[in-house]
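S.K.: When you get a sec, could you build the whole thing from the sequences and use the hints?
These are the residues of each chain, in order.
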Amino acid sequence: QKEVEQDPGPLSVPEGAIVSLNCTYSNSAFQYFMWYRQYSRKGPELLMYTYSSGNKEDGRFTAQVDKSSKYISLFIRDSQPSDSATYLCAMKDSSASKIIFGSGTRLSIRP
Amino acid sequence: ETGVTQSPTHLIKTRGQQVTLRCSSQSGHNTVSWYQQALGQGPQFIFQYYREEENGRGNFPPRFSGLQFPNYSSELNVNALELDDSALYLCASSLQRVSADTQYFGPGTRLTVL
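Going down the list, the sequences are from chains V and E. With the first letter of the first sequence counted as 1, position 28 gets the number 32 in the numbering used here; the numbers rise by one all the way through. With the first letter of the second sequence counted as 1, position 83 gets the number 133 in the numbering used here; the numbers rise by one all the way through.
Treat the hints with care, since some could be wrong.
Here are some chain E residues pointing at chain V (derived, C-beta under 8 Å) [stated by the list, open to error]:
no., residue
1, 58
2, 93
3, 95
4, 98
5, 106
6, 137
7, 140
Please keep in mind that the hints were generated in silico from the structure rather than gathered at the bench. As the structure is a computational prediction, the values presented were derived from the model and not from experiment. Ideal Cβ placement from N, Cα and C applies to all residues, glycine included.
M.R.: What follows is the structure, given as structure tokens:
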């Protein structure tokens, strides 16, 4: 079993829709939870970063962490064609140097 | 742009050869991490260097090795290349060893092993 599970998609939604992306994990030691966006032929770009449980909002993006269920989510409101990319969830514990990534979800926003 | 650069952009090698990939960190960043991203997968941690010393390693064999230089640029070396080494290799620089929110990724080097 992988430490981090993420539905690979692809996910296709119309412009303006609310998008929900999710990951589950098995390691209860994870404390830092991140979402990265990766465009084709580019490196991952950090979108959201959350420490421990709770919600964090940044513009059209909201990240949620539920440590009791080992489940994290990213919501994108008023989705735009420019949001079309692969979204990677990632997490780490407080002492480790490595970040553990999910396999990524390919998202396409239809104009 | 993150300020992290990698070279070369693309590389084609044959099985058994050796390869060196290079990374220039964002100015002032003393920590660099290397990741391997196979097609359709998330990045997998190879190792991290902090102030020229290895500071953590993932589940990769010893033929994957690295160096970090005093100017904080770094190299990833892979010996005895195998077909499964074909992937996008990413480096990420950060200010601190254990910080999660300041890892800046470069665009990657795409390695193809024939």
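S.K.: Next, verify each hint and record whether it holds.
M.R.: Going through the hints against the structure:
1. 58: Violated, because the Cβ-Cβ distance from residue 58 of chain E to chain V comes to roughly 14 Å (cut-off 8 Å).
2. 93: holds, 5 Å
3. 95: holds, 4 Å
4. 98: holds, 4 Å
5. 106: Holds, because the Cβ-Cβ distance from residue 106 of chain E to chain V comes to roughly 3 Å (cut-off 8 Å).
6. 137: violated, 13 Å
7. 140: At about 5 Å, which falls below the 8 Å cut-off, the nearest Cβ of chain V leaves the hint on residue 140 of chain E intact, so it holds.
Of the hints listed earlier, those the structure fails to meet are numbers 1 and 6, in rising order.
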